[in-house]
Each structure stands twice: as C-alpha cells, then as structure tokens.
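Undergrad: Chain residues, written in single-letter form:
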Amino acid sequence: MRKLKDNILLGLLWFAAFLTVAVLVMIVGYIFYKGIGLISFDFIFGDYSPSGGGGILPMIVTTIYTIAISLLIATPIGILAAVYLQEYAKQGRLVNTIRFATESLTGIPSIIYGLFGAVFFVTTLKLGMSIIAASLTLTIIVLPVIIRTTEESLKTVPRTYREGSLALGTTKLQTLYKVILPSAMPGILSGLILSMGRIIGESAAIFLTAGTVAAMPASIFSSARTLTVHSYLVTQEAGDIELAAAVGIVLIVLILILNLTATFISKKLNKANY
Amino acid sequence: MSSIPIKKDAGEIGKANKRKYLLEKVSGRVFLFCALLSVVSLLLIIGFVFYKGSHPFIAEGYSFIDFLLGSDWVPSEDKFGILPMIVASIYATIGALIIGVPIGLFTAIFLAEIAPRSVAKIISPAVQLLAGIPSVLYGVFGLAIIVPFLQNNLGLIKGQSLIAVIIVLAIMMLPTVVTVAETAIRAVPKTYREGSLALGVSPIGTIFKVVVPAAKSGIMTAIVLGMGRAIGETMAVILVAGNSLIIPTSLTDSIRPLTTNIALEMGYAFGTHQEMLFATGIVLFSFILILNFVLARISSKGGN
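Chains as they are written, first to last, in this note's numbering: chain A, 4 to 277; chain B, 15 to 318.
Be aware that one or more of the hints could be misleading.
Derived PhoX-like pairs (lysine-lysine); straight-line CA-CA distance at most 25 Å [as the list claims (entries may be wrong)]:
(1) A:K175 <-> B:K39
(2) A:K175 <-> A:K93
(3) B:K223 <-> A:K8
(4) B:K39 <-> A:K181
(5) B:K230 <-> B:K204
Computed spacing ranges between beta-carbons, pair by pair [claimed, not checked]:
(6) A:K158 <-> B:K93: 52 to 58 Å
(7) B:G285 <-> A:Y164: 56 to 62 Å
(8) B:R131 <-> A:S52: 48 to 54 Å
(9) B:P89 <-> A:K158: 48 to 54 Å
(10) B:I171 <-> A:V98: 23 to 29 Å
(11) A:T109 <-> B:E26: 47 to 53 Å
(12) A:S52 <-> B:V308: 48 to 54 Å
(13) B:I171 <-> A:G57: 32 to 38 Å
(14) A:V98 <-> B:Y282: 22 to 28 Å
(15) A:L75 <-> B:G28: 23 to 29 Å
Quick caveat, the hints were computed from the structure, so don't treat them as lab data. Here the structure is a predicted model, which means the values were calculated and not measured. Quick reminder that beta carbons are idealized off the backbone N, C-alpha and C, glycines included.
Kindly generate the complete structure, drawing on both the sequences and the hints.
TA: Rendered as structure tokens:
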C-alpha cells in the first residue's frame, strides 16, 4: 500500500518535470515552426515597410539602443552601489533601507515602471515618447539586477584576498580596484548579460515610454518600437502570428546566446577560483 | 648622513597619503550616493504614481470607495469603477497558482531529489530558457494555440477568456517557482535525509515528510514570487484576456485585469481618465506591496 503511494508520487514527480519541458518545447517549437518561413537575410537586415514584407532592422536597432543606453547608465551605478553595500557600509538601518528599496524595485511590475516613465521621463522631464525615456526607465528596472548579482560575486571573493592586499599597505580603494573587482569580474559580467536579457524581454514599460513608431529611429530622442513591442503590435493589431513568431525567433536566439555566454563566463569564474 | 633626503621623502609621501585619504573619503561618498539612487528611484516611483493617482480623489471630489467597488468603467461618461478588474486580477492569479504551483513545485522536487544527473542537465537549462523568453511571446503562443484550442473544445464564441489567462500565467510563473523552490530544497541539510532514511522511511516518504517541510519558507517565497509575476504581467495577458469589462462569473468569461486596463488606455487617456489609470496603478501597487510584506515576513521567519 505504501509502496503504491510512493510509486504514484514518484510518477507525479516525473510527470510534472515532463510537463514543464513539454511546455517549453511546445512554445519554442511553435514559434520556430510558425516563423521560420519568414526568416531571411532581408527580413533581419531590411528596413521596415508599413505595407508589409519589409524587414525588422529598425526594431533591432531600437533594441540595441535601449540595451546600450540603459546599461551604460545602470552598470556603473549598480556596481558602485553593490560595492558600497558589500565593502563599505556598516550593517545597520541605512543598509537595510537600501536593501529593502532594491528588493522592492525588483518586485514592481513593469507596467508600473511604464506609468512612472510616462509621467516622469516623458512628461515631467519633457523627453517625449522616445528611446531615451524608455532607456532611463529600463535603467531603473535593471539596477536591482546588477546590484544583486554584483553583490553576490563580491561575496565570493575570499576574505584572504582583501586581507593580503590591505596587509601590503594598500588603501581600501586600491584593494577594491586592483584586487576585489578583478576577481569579481566574471560574476559581474554574467549579471550584466542577464540584465541584457531582461531589457530585450521587456515590453510593457517600453510600450508606454518609447511609443510605437515603426521606423528607423533618427536619434535616441525619437519614438520607436523594440522587437518585443513589434511582436506584440503585429499580433494585437494585425493578427499576424507568422510575423510575430518570426520576430520571436530573433528574440529567442538572442536570449539563448546571452544565456550561453553567461553560463560560459560563470563556469570560467569557477575554474579561475579553484 | 642621508637624513635630509629621507625627510623630504617623508614630506612627499605625506602629501601623497593625504591625496590618497581624500580620494578614499570621496569615493566612499560616491559609492553611498550610487547606493542611495535605488532608494531615490523607489521614492520617485511611489511618489509620482500615488500623487497622480490620488489627485482625482483629493482635488476633484471622486469617491475612492466608488472607484474600488464600482462596476462600471466608462471614461467618456465619467464613470470609473474598477471592481471587475480587481476581481479579474485576483481570479486569474489564484487560478494560475492552482495550476502552476503544484507543477512547478513537483518539477523542483524532481530536479533536486530524483532526477538523474543527465536528465537534470537537460531540464535545468530548459527552465532557464523558459524564464528568459520575452513575455510577449507567451501571449503570442497563447493567442495562436491555447485560445483556438479552448474555443473549439469548449464551444466558446470567443476563446479569449479567464481560463486562457490562467493557463498562460501558470506557464509563465513556472520558471520562477521551479528555480526558487529548487534552491530551497537543495539547501536542506543532508543529515535530515539520512536521519529519515535511517529510521526506515522510504525515499519518497523522506522527500514529502522531511525535506519539503524543511524547505517550507523557501517554497513559500517561490509561491509569492510566482504570484507577483502573475499579478503584474501585462502584454501576454492583453492578447489572451479578451478585455471585456465584466465581473467574471465563469472560467470562460472574457476578462480585463488591472494591468491590461492601464496598458490598453494609457496611449490615448488624458486628464481625469489618465489619473484614474494611475489610480488603477496604485491598486496594483498595493497588491505588490502586500506581497512584498508577506515575503519579508517569510524570509525573516526562515532566518530564525
């Protein structure tokens, strides 16, 4: 009787895992099956034409802009904030407040970020619906990710490194940029790559701050649409699942490459330390 | 003999040291400033959303109770009631939890306790990829596969429904639940398992009676995080929800959760209408804050 119960539970465990994998295979499989027919050199590197049949280069360029700008701002701030929390701060009320704020930022849904971006960056700072407004909003979204991953990798730097360096008479700052940061670099890098994935996948916040103009952005102050927003709009407005899936393929391949790079880098980290 | 040059050196070193210490002090301040930026961002977000959202109730005489409990949302007629959306959000989230949590939890147990290395090596990256897929694509998949499937098999006029939202959200919360719960289960000390096995409990019995209860707080965290993901999801939900403004009474009703209301109307809303969308954001925000509070309670308990 107990044996039977055990076997049923074991069966359920296998079934659940199977289901999880099956769902993934179905989604990725479907996107590829539906969209692969459209994928071509012209599709990826061709300019968009509103009448259909054009490429998605403007959306790719917009996506790259948003990644570049938001990481350019968020990376230094995030790393230095993590350094403060891990290396400089005395544990206490201030650090707890900062940690609480960072964690709360992680939990805020992207549509709320979108609302905030729409009223703060777009209206109050008068940036208008633009790539820069979206990028600044995304900066706040990825900031907690960068802070957390940097903190984690700072934690893995052995105490002895710090002690050894300080014992040689270096200052805290010298120890930081000559010893601690270099050994934490792989972890920090994979955190940055994860943030890129987050930016690529973001849609609601960008939708409300960058607008939906389907054209090559003239500058970072013009309104434009990223790959995800494009995928959403062609589905919602035109019901063009095939096109949405083709954009989806580009997105999934990008995410896959980023994931593999992050795994590769963090494996290197383990080899370097032990 | 060489006392003079040494003195000179000492002077120079002293100067260099002074600069070093100054740099040290300044850099500490800069780091603190960067760390405080996340607090500032949070305050700005809360400030702006609450300021904009509370304006109609404070300055324009709208009743907040009518807003929360009103069931008519007709911006053109100055009617702003979001009860249907609150109910829709809650139903969709609970439904997604009912489907997603058992599957996610069992997958996590499987990965941590049962799976042979080779199998785990396939599933873990799969879960990671599932987490990375942009949410829009879940919506596209839902609209292209789940919605027609429901339409054909349940004989609905319109496949976009509460149940379609629930299924899509359940899939979307899977990676969160799996990864967080798996970490928690793996963190249970080996001695617990050995003790239980030594007492003659079967391996499966050990997992469900010893390991899972020991990982309880981590598993609760996984569920709350999954819930946060479900309640905040927007773009995927728009595509499969149908967006009707009714209080759902059955799984096949078309719904409009809080998030989609904001995304759908923000593009053209202005004045009071726009402020009411911010007020919708406040309600959504409050749900998330409650979840965060619960989460903090769980993790402080787990710490003890």
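Undergrad: May I ask which of the numbered hints given earlier this structure violates, with the numbers listed in increasing order?
TA: 10, 14, 15
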